[in-house]
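Colleague: The chain contents come next:
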Amino acid sequence: MEPVLLSLQDLKAHFFTFRGVVRAVDGITFDVQRGEALGLVGESGSGKTVTGMSILRLIQPPGRIVGGDILFKGRSILELAESEMQALRGRQISMIFQNPRTALNPVLRVGEQIDRVYRQHTACAASEARDRRLEMLAKVSIGQPESFSRQYPHHLSGGMCQRAMIVMALICNPELVIADEPTTGLDVTIQRQIMELLAEMRQHTQATQILITHDLGVVAETCDRVVVMYASQIMEVAGTRELYSQPSHPYTQGLLRSVPRLDVEYDPAVMPGSVPSASQQPSGCPFHPRCPIAESVCREVRPELLPIADGHLAACHLTGKGRAWDSA
Amino acid sequence: MAERAAASQSRIPIIGWLLRRYDFEVYLLRRNPMTMLGLSIILLVVLAGIAAPILAPYDPLDVNPPIRLQGPSPQHWMGTDDFGRDILSRVLYATRVDLLIAFSAVSVAAIAGIALGSVAGYLRGRVDEFIMRTLDVIQAFPAFILAMGLAVALGSGMMNIIYVVAFIMVPIFARLTRSEVLSARERGYTEAARCMGATQAEIIFVHLLPNCLTPVLVQFALSMSYAILDAAALSFIGLGVNPPEAEWGSMVNQGVRFIVSGEWWMSIFPGLMMSICILGFNLLADGLRDVFDPKLRS
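Residue numbers (our numbering), protein chains in the order written: chain A, 1 to 328; chain B, 1001 to 1298.
Treat the hints with care, since some could be wrong.
[Stated by the list, open to error] Pulled a few chain A residues facing chain B out of the computed Cβ check, cut under 10 Å:
(1) G90
(2) I96
(3) V117
(4) L216
(5) R299
Because the hints were derived from the structure by calculation, they are not lab data.
Ideal Cβ positions, reconstructed from N, Cα and C, are used throughout, including at glycine.
Next up, chain B with everything else stripped away, as it sits in the complex:
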């Protein structure tokens, strides 16, 4: 037993540490209703996406012209679109697509950004200059214009959207990680580790990164909402997910033509779902920041 306990001690310590170190903060989180609201929204939306095949009353791609452009009714809670497809089913399936795109894009951006930022912050000097100035070039463009240009160049499709959204988010994560690493490398424990003969790899992965990741976690939640918005916006202008696959942005776009003629439900429901989802991630990010940053705690 003791052997096993000793073995589990030497693993990468982040998760157990987060739980134990922040037991007080988890308590705070529970006392913070807005954060809990955000967390609940996200959990519900994620569940809805996962369970879409069970929850959706109809096939999202099933075209049925006789019932096209029907308003919300007991049969079709959110109405039908101009091909007679059930909007509720499409919104549920779109949840999967949008969350998957956002989560993948932010993960890719976070991994690349953490890698670049920690290398820049740890090595400093010319490597730092090179990485940071390259990122400056990316950030010099208005992010969405750059995303549009890249999406046009790469072509539409889900994978390309993920790359594009990830690409414009890398600088945020890189900068954040770099600034954290820059301060962590001057802290006592890093110096102490060096004095005890720790290798470079150990210093970076054991002493620097685990101490730098909490703000990155907050940024992750915040970036999720931007990623959802960016992915939907790209799809809205026709550069994103290919039809007929359901996606919030393209669904909104599809319904825009019909708003003037009174068929408001085609755009409103996917738009509403997107707003709720973004609200959830923003509330969570806000709450996490309060939890991790004692200075902002009231």
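Isolated chain A, as found in the complex:
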């Protein structure tokens, strides 16, 4: 088996709105290794979710993929027929959503929703789907899978809904699971349980995971590698340990410094400004207006994502010129 499961190559997904073209994903390239957990980190509006939806080829109009390629197991999914793509969704690539309570259909019992996904892809008998469902529900620590299955989503807490979503996403044994901020909208204690559950299910199923999040703490705990996105582009790619110990890009450094810590007095001016709107991106490096060490080249030339160490890539002209922010 080839080690690379998924490969995004210069992917561009743009939205053609009345107010102009929104470049939500603008030329991103990264590989996902089979079996790894990859974190996709960035602020709101940096293009993380659009990247996830692109992988499922579910960008809704007025958006579409305008360039680049997505190779899943060596095949371009952009060339698949819609019916082939549909068979792939949920079966080989599946997705876990944020806000689980709204991601479940309120008029269907949870059990039926799960069965629908399984039967969609396996065309098996109802009883077989039921057995599989009960087995999976038990795996995500649902105490009474039978009565749980009979509930409607509004009967369940957010954490329970997310467990049902996870079962739906994993019931066909997909090779790639994209979890799009799976803990957003949940209590902190439940967040922890869900993240532990995801990690546990990954051990079980050997599925590859892409975790889309803005929570750096979660990434540090669960991911092998991290892709940092900013303003529709990739800023840095590195192994988790390396990224946290030696962040190379000024944005990553600023991001890590922005995490409030108890031992250091919180400094709200740590990274001035905000993410540029995707329809009006700055010239050159998208981060230069907020970067403390930006030079003239940063304003004019868009930096390429280049290797700076083994398995560590960064898109910065000034890599190696020291830390951008005074260490706190």
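Fit chain B to the given chain A structure using the hints.
Modeller: Same frame as chain A, but now just chain B:
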């Protein structure tokens, strides 16, 4: 047993879901006296229509000139008309006709409107534009003028009245369904279903429509009262149900000539029955809206 339970789970879930999901709302309904009044009125009127052959003391078409134009009396509670027919019997039989016309017309309008509205809302783009602009053309006419024109073109008769009334009501249902579908297709569960590989048909019939139908239900009850009024109005101006068949609108029209000479009962009783019926549907629709829309709940 478990097998059977599992099988019943996979059916279209609306009815069981309505009952279970809204158990709290059914409780509210019970606490809402006006809605219960509306519901009771409708049930009584429907029962009266169904049981008309049993309840009616006389044959509604039985002409009896010697007793023509008699006022209300113990023999003829609502009096007799200018052919000596018993008004009470005619009002009861007319209930069947009017309710049947209204229910059929609103059902046809709802089915057509839901189909058009969901297609427009789901596909959007040119199909949406085409459907909605066509409906705009229908709505550009004053509804009743359009109904009159159509009724003249199609000719009178019960089936034609149903088509005409249904036709002018399609845009309301289509618009309502479209707006609901437009918002439902952006909700998380629709996107999640797509991500799990659901087919288009499954998305429309399992994920979109069942989540869009509650306001349509309210509109259904409200439209019933309009349909009764429209059907009666068409019959009143002679474009509706053919005589001698009993119908509220035509009965009112028949009695109009006699009001000036003091025989008020010919128009008043069918008119009163119609008003009560419309009041019932309006109260029910109001109550249903309160039940389904928590924002309006006091």
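Colleague: Take the hints in turn and mark each one as holding or not.
Modeller: Consistency of the hints with the structure:
1. G90: 4 Å, holds
2. I96: Holds - the Cβ of A/I96 comes within 10 Å of chain B, reaching about 9 Å at its closest.
3. V117: 5 Å, holds
4. L216: With a minimum Cβ separation of about 25 Å from chain B (threshold 10 Å), the hint on A/L216 is violated.
5. R299: Since the shortest Cβ distance to chain B is 38 Å, the answer is violated.
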